[in-house]
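**Q** Residues per chain, in single letters:
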Amino acid sequence: MDRDVIETMVGFARTVRAAGGAADPERVQAMLTALDHLDVLDPHDVYWAGRLTLCADPDDLARYDRCFAAYFSGETPRPGRRRPPVVVRRIPMAEPGGRGGGEESRELEAATASGVEVLRDRDVARLGAAERAEVARLIALLDAGAERRRSRRFAPAPTGRLDPARTVRETLRRGGETSLLRHRSHRTRPRRVVLVVDVSGSMSPYADALLRFAHAAARSGGRDVEVFSAGTRLTRLTRELRHRDPDAAMAAASAAIPDWSGGTRLGEELKEFLDRFGQRGLARGAVVVIASDGWERGDAGLLGEQMARLHRLAHRVVWANPHKARPGYEPLTAGMAAALPHVDDFTSGHSLAALEELARLVAGAGKGRAHA
Amino acid sequence: MTMDQVGSPAELAGLLDRHGYLCDEGLATACFLALRMGRPLFLEGEAGVGKTELAKTLGRALGAPLIRLQCYEGLDASQALYDWDFPRQLLHLRAAEAAGVSDVSRLEGELYDRRFLLARPLLQALETSPSVLLVDELDRADDEFEAFLLEVLSDFTITVPELGTIRAERPPVVVVTSNRTREVHDALKRRCLYHWLEHPSYDREVAIIRRRLPDAAERLAGQVARAAQRMRETDLLKPPGVAESLDWTEALVALGVRDLDPGTAAVTLGAVLKYREDQQRVLGGDGAAGLAALLGGG
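Residue numbers (the numbering used here), protein chains in the order written: chain A, 1 to 372; chain B, 1 to 298.
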């Protein structure tokens, strides 16, 4: 291939990557190989060579089209975005080996240990910066794994069903003498957890803590955890929260959310979630957590309808409303009232202790207390 | 025609067309590159847009058998790759005993012979050349399986400890489909060409119906396609795919319908809409007003 062509195409791939596309070197190489088999001078061929190799998701396609149009017409697309109200600060994590600490860090640890109990029940909306960082550190340590379900897979077990394959293999080893029966039983796997975090204006004091909770859940539950943010738009954050480091994950998530502190159209968001992901299987048999105050600006009837749909698909629906903890709280807002009949657990999630409780609910302890 | 003789995406589109599959430029390019680059084609799109059908037609068009691996939760290597035929091994052992064979090590070697190996889809695809391998609904398998599949699709070799390495003479054409119930690992996608399959345009859908169901009158095909297009714009739980348009047309043809009117549409609606809520929404308040609107106009 012509050197100019390669330069042009690599430049294009760089544009796609700068716009947030999945154009890693391996994919760029694939694009160049694809062009070897096609006509470099035909814009259609160039378009498809790039699209088939540089995209990995339907969400990538619109961005790809924008980049393609901009790059090949000579403009450069500019990525611009508002700064979100998320605490993105490096939080000192305790080194497992205890290196590089000394006196100072031991002092800090002692101070933290006594402070934790006080912090546990404090509303996260009323914390100072240092306390906030401390709570964030503790949330990152939460174990928010999901309750387990029986898997189709088998594992060797001392009792249970007969395992023909292993029994016969054993028999073969003994020269055809069946002397030992082997058994197997179903393995268990964690259920999928889906978290939908409301990032609208009324939820902004809690969005950071709840997203950090989602990150902790994603770390405990691995690939079976899906996270979405809702507000005026539904955003899938699963990929962003896959970073191991909580601060890197939060930075990526906050950059991905386009509608920080806007209004709430939870009914519509939920409908979009169910249409695009839930009904296809993402919500099926899952533990779904909705973190929202239920201040619905849209149609509460729609929210109720969608909650009913969600409840039919999911194994369990948990609703975390930070305002529930306020003295005298009654779920009187239209949205909350419409949603509550379709919720299995109704909890608060406003403090560290409340998030611990939420983690227990996700793990299946203390089920079904919404209507108690 | 064999896969090496396909010279361009357009030529491949023509070949698929002759075997009853109408594809657009993007899909033709995707298939062409999958053949040329020896990379798996990762297909996503709404249910019923023709992902599985494409793999079947590719097989027919290239004169290669289609080997299908349907994924499900709990799928493991012995169901996807190979398994030993234990009953036959035991029989062989008994027969050898009865014949008085005393050479133990030779007997052991015989037990792990290729003829006692049951080839499951992945091994079959590697051993059959040429072949089209359809890995259907990969998102339903669990992620351990995905990692394992990545290994097979990278090297196109399978190692059986007792036998050694089995290498594909020529890699199969691989089509992987997913319904996006779960994020498939990026490492696997990177190995593949990615294509998002859209619903066809009105004209293409009419052409697809006419091609697949030659008994359907042109007018009927047009009416069904238009109604399906409008249903996709309506807010439905499950908008119809091409598969549903074809089902509907087939039902209408079976009833001897040549012209679709609201009454006929109402009684056959179950062929195209599979949710009660969707049927009610399309029928409208008084039962048929919505349908008339759906079918009416040019």
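Treat the hints as calculated values from the structure; they're not laboratory data. All values derive from a computational prediction rather than experimental measurement. Hints should not be assumed to be uniformly reliable.
[Claimed, not checked] Stretches of chain B that chain A covers, calculated by requiring three or more beta carbons in the stretch to come under 8 Å of a beta carbon on chain A: (1) 36 to 42; (2) 57 to 70; (3) 91 to 100.
All C-beta atoms, glycine included, are put in the ideal place defined by N, C-alpha and C.
**Q** For the segment 36 to 42 of chain B, do three or more residues have a beta carbon lying closer than 8 Å to a beta carbon of chain A?
**A** Check passed, 3 qualifying residues.
**Q** Has the segment 91 to 100 of chain B got at least three residues whose CB is nearer than 8 Å to a CB belonging to chain A?
**A** holds (count 3)
**Q** Are three or more residues of the segment 57 to 70 of chain B within 8 Å, CB to CB, of chain A?
**A** violated (count 0)
In summary, the one numbered hint that this structure violates is 2.
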